[in-house]
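Undergrad: Residue numbers (the numbering used here), protein chains in the order written: chain F, 1132 to 1461; chain D, 157 to 471; chain C, 501 to 807.
Honestly, the hints are just simulated from the structure, not real lab data.
Backbone N, C-alpha and C fix where the C-beta goes; we use that ideal spot for every residue, glycine too.
A portion of the hints provided could be inaccurate.
[Said to hold, decoys possible] With a Cα cut of at most 27 Å, we get these calculated DSSO-like pairs of lysine-lysine:
{"#": "1", "chain 1": "F", "residue 1": "K1362", "chain 2": "F", "residue 2": "K1275"}
{"#": "2", "chain 1": "F", "residue 1": "K1179", "chain 2": "F", "residue 2": "K1350"}
{"#": "3", "chain 1": "F", "residue 1": "K1308", "chain 2": "F", "residue 2": "K1260"}
{"#": "4", "chain 1": "F", "residue 1": "K1394", "chain 2": "C", "residue 2": "K751"}
{"#": "5", "chain 1": "C", "residue 1": "K606", "chain 2": "F", "residue 2": "K1181"}
{"#": "6", "chain 1": "F", "residue 1": "K1394", "chain 2": "F", "residue 2": "K1182"}
{"#": "7", "chain 1": "F", "residue 1": "K1252", "chain 2": "F", "residue 2": "K1275"}
{"#": "8", "chain 1": "D", "residue 1": "K278", "chain 2": "C", "residue 2": "K803"}
{"#": "9", "chain 1": "F", "residue 1": "K1435", "chain 2": "F", "residue 2": "K1362"}
{"#": "10", "chain 1": "F", "residue 1": "K1181", "chain 2": "F", "residue 2": "K1252"}
{"#": "11", "chain 1": "C", "residue 1": "K751", "chain 2": "F", "residue 2": "K1390"}
{"#": "12", "chain 1": "F", "residue 1": "K1359", "chain 2": "F", "residue 2": "K1179"}
{"#": "13", "chain 1": "F", "residue 1": "K1416", "chain 2": "F", "residue 2": "K1350"}
{"#": "14", "chain 1": "F", "residue 1": "K1436", "chain 2": "F", "residue 2": "K1390"}
{"#": "15", "chain 1": "C", "residue 1": "K517", "chain 2": "F", "residue 2": "K1200"}
{"#": "16", "chain 1": "F", "residue 1": "K1200", "chain 2": "F", "residue 2": "K1434"}
{"#": "17", "chain 1": "F", "residue 1": "K1423", "chain 2": "F", "residue 2": "K1435"}
{"#": "18", "chain 1": "F", "residue 1": "K1252", "chain 2": "F", "residue 2": "K1423"}
{"#": "19", "chain 1": "D", "residue 1": "K185", "chain 2": "C", "residue 2": "K606"}
{"#": "20", "chain 1": "F", "residue 1": "K1460", "chain 2": "F", "residue 2": "K1435"}
{"#": "21", "chain 1": "F", "residue 1": "K1390", "chain 2": "F", "residue 2": "K1359"}
{"#": "22", "chain 1": "F", "residue 1": "K1181", "chain 2": "F", "residue 2": "K1406"}
{"#": "23", "chain 1": "D", "residue 1": "K278", "chain 2": "C", "residue 2": "K517"}
{"#": "24", "chain 1": "C", "residue 1": "K517", "chain 2": "F", "residue 2": "K1182"}
{"#": "25", "chain 1": "F", "residue 1": "K1352", "chain 2": "F", "residue 2": "K1247"}
{"#": "26", "chain 1": "C", "residue 1": "K517", "chain 2": "F", "residue 2": "K1179"}
{"#": "27", "chain 1": "F", "residue 1": "K1423", "chain 2": "F", "residue 2": "K1181"}
[What the hints assert, rightly or not] Partial list, derived from the structure: chain C residues whose beta carbon lies under 10 Å from chain F:
{"#": "28", "residue": "P562"}
{"#": "29", "residue": "R564"}
{"#": "30", "residue": "K606"}
{"#": "31", "residue": "I722"}
{"#": "32", "residue": "G753"}
Single-letter residue listing:
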Amino acid sequence: MSSFKQTALAAALIVLGSQAAHAQSVVKVDGSSTVFPVTEAVAEDFQKSKKGDIKVTVGISGTGGGFKKFCRGETDVSNASRPILKQEMEACAAAGIKYYELPVAFDALTVVINPKNAFIKELTVAQLKKMWEPAAQGAVTNWKQVDPSFPDAPLKLFGAGSDSGTFDYFTEAVVGKAKSSRGDYTASEDDNVLVQGVSRDVNAIGYFGYAYYAENQGKLKAVPVVNKAGKAVAPAPQAVLDGSYNPLSRPIFIYVSEKSMEKPEVREFVTFYMKNAATLASEVKYVPLPAKAYETAIDHLNKKKLGTVFGGEAEVGVTIESLLSREAKL
Amino acid sequence: MTTSLSGAAAFAPLTISDRLAKKALRNSKERVIEFVLFAAACVSVLTTLGIVWVLVSESYHFFENVPIWSFLSDTMWTPLFADARYGILPLLAGTLTTSLVAVVVAIPLGTAIAIYLSEFAKPAVREAVKPFLELLGGIPSIIYGYFALAVVIPLLQLLIPSLPGFNMLGAGIVMGIAIIPYVSSLAEDAMRAVPMSMREGSYAMGSTKFQTAIRVVIPAALSGILSAYILGISRAVGETMIVAVAAGMQPNFTMNPMEPAQTISAYIVQVALGDLPHGSIGYQSIFAAGLSLMLMTLVLNIAGHMIRRRYREAY
Amino acid sequence: MTSADSAGLARIIRRNKRGDLIFAIAGFLALMIGVLTFLALFLQMAYAGWERLTPDFFMNFPSRRASQAGILTAWVGSLLVMLVTAVSAVPLGVAAGVYLEEYASKNLVTDIIEINVTNLAGVPSIVYGLLALGVFVYAFGFGQSILSAGLTLGLLILPVVIVATREAIRSIPQYIREGAYALGATRWQVTRDHIVPYSMPGILTGVIIGMSRAIGETAPIITIGALTFIAFLPEAPIGPDFPWVNFEWLKSGFTVLPIQMFNWTSRPEEAFQQNAAAAGFILVLMTLAMNAVSIWIRYHLRKDIKW
């Protein structure tokens, strides 16, 4: 055969060979970029275990964007770093979308300081509030103002952007009202930037998800936060699991639509998710829920416990046991 | 019809109906083509109408809740906070300041490069270098953002010790560098197209290359150069990622480039891809912000158009 | 001429030549700023991501383990999206530019269209994404697909192509047109045979600049639904059954290189930063490859134009 014919035949064979007859079943996931690492790990392992027969796609449109698509029926699963809000509940109800709310892991919000900072051994929620509340804007600019025992040094604050679930949760937990915060701090969507900021400035203090602290332990120091019981607890997977690291532990969720659950591929994916979330969440440095929690979640799926237990509003300091035993509403 | 090779009848006249028929066909073909081209030009108008419609229809709900007067005059923009304030001035100031810094960097550098490449450089150098400059525009803006944050701003902090870690100066400078290809490539194209005869006349009178460039080539290529400037400025105003990463994400009502601030486009991206529920007033604020940006660029563009009109030279 | 005059003249000539030299140096320095910045960024990405640049990296799907994560879906997606972008923006942009320069009369409508085009150049890319979401994804029903992404980016770079086309056409001397008309050519014949070929180099500059920008965009693509984790490729365009070429890939979900980079840079693990740097390096190489054809054509066409 001439070399042209050979190449053409080879090309055709390659193309034909790559066209294995796959059933085009795709599980569509979208939503929060905070939950993304966990869902990605699950999707990757799930696809491998199914040898490519079921495909999973994951987007990062944000929790809000994810819910919008979810309530239009365009996605099967929505990643959410906060519970579904009233507005979104109404949108789903209007479109006839019923859903299951499944907590998948905990994210411990970690308060960090520069490793060279020697004067902070622990912080109370009241002290954090003094630093972050709206009234502090322009007023509280020095460590001494937060607590007289602290040195006279400028207060450099780093935190999440005001559109993120992290921001909402932190402000609710620390200041008492979601989104209630001073405006003059260094904000960034990219937590790596915050890591850089805090690690370069001796007087800096910031907050972000535990995973970013865990990966940068050489550059940062985590601050033990005094919990409800009065004990100072450092963020750690065990402390989150037993509920002692509060109020800065927040659950992250996936929402699955009832209609999608009727598709066998989605059902398999969600079951796989619940069975493997514990190991995979720890791998990506989130805190897994206790094993019982995942079993209860699968139980809820089977018993068709639809709806959200949060009533469309954010809540702080929820323990996993209370979450699982509450009544759900659509 | 007869054809003959004698001079007068070399082009045998067609009968009237044939000739008219051919002309009519030509005309109708021409008309069809003209219409097709017109339709292409209308796509841009349709795009603008589409954008305006999207922005206005969502902003309408926003303005039902926020009075226009406070939108235009309030100096704080905190729509996502519990105590929401909706003044567009901080975002406008941020956009203007960063764009100004970018333009101050891009236009002199870009023009100097364009003049150098078209008038001074050897053709081999020119052809080798031009693709590199155009690749400057191909580097993803996220990389530029991190470059600004990790390299440019620390360098600036060596010069100005009190400079904060996020600021508009670093972001603006890097934005200017990213825009250089717009200015230099298009301006250089315009200058190259000036006929050699004009330059030769100038050299014949004893001018140096620089004098020829400034006094002959640039005025002749002015229309193209101004278009390049306008495209560059437009890109600066609409740039998102570089400012989002390097200028900080906090709206700040200041024109001082050494402070952090947020631009309109960075704000829009922050919210559109964030965790807010779509349909909430915080989400709709991005459309109001986008509409303000479009109005601002419209004013700048009309001004630019008038200036170009006055200075266009025909040769 | 008196000796005083000629001395004065010599002084002026010396001063002018000095001015020339100073400007040449200034221009060269400005050029170096641009070129060196590019090289610094490019080489820094290469250096940081060097370890990752293995054949596996190109052929692997994304993964949570940085060493296994690859850019297969990303570069295929970028390539396909750029194809759609080019096919949509270039003919449309050139046609619009030709119309505005050759056919339109200089009246208010033309002015409005002109201002409109340059205004569009200043709209943030995310607004195009929001527009495209409503129009392409929902109204036209193209869904969250490569087709929608390509059309969105096509709209984004349309102003640059139109402006470059217009400026290129404007720079063609009038006598070329006059000569053609004098021979009895119609407007379309003049345009097709003379105007467009001579303005090709300028048009290509606009195309190069526009496509370079489009390949690096993230925000509008994420808005219309580009994915971040997708571990399978769209259907191949060439298939075993009649008609052998299909367009199924246009409707497929996808991801692009900048989105993959964006996702990797915001991960906490150090190793992902390496991946991001390697991906960035590949992206710039892809841009160069994409533009190489245009650059080569531009170079050859330019050589032949002499006026």
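Undergrad: Hint by hint, where does the structure go against what was stated? Just the numbers, ascending.
TA: 2, 5, 9, 10, 12, 15, 18, 21, 24, 26, 30
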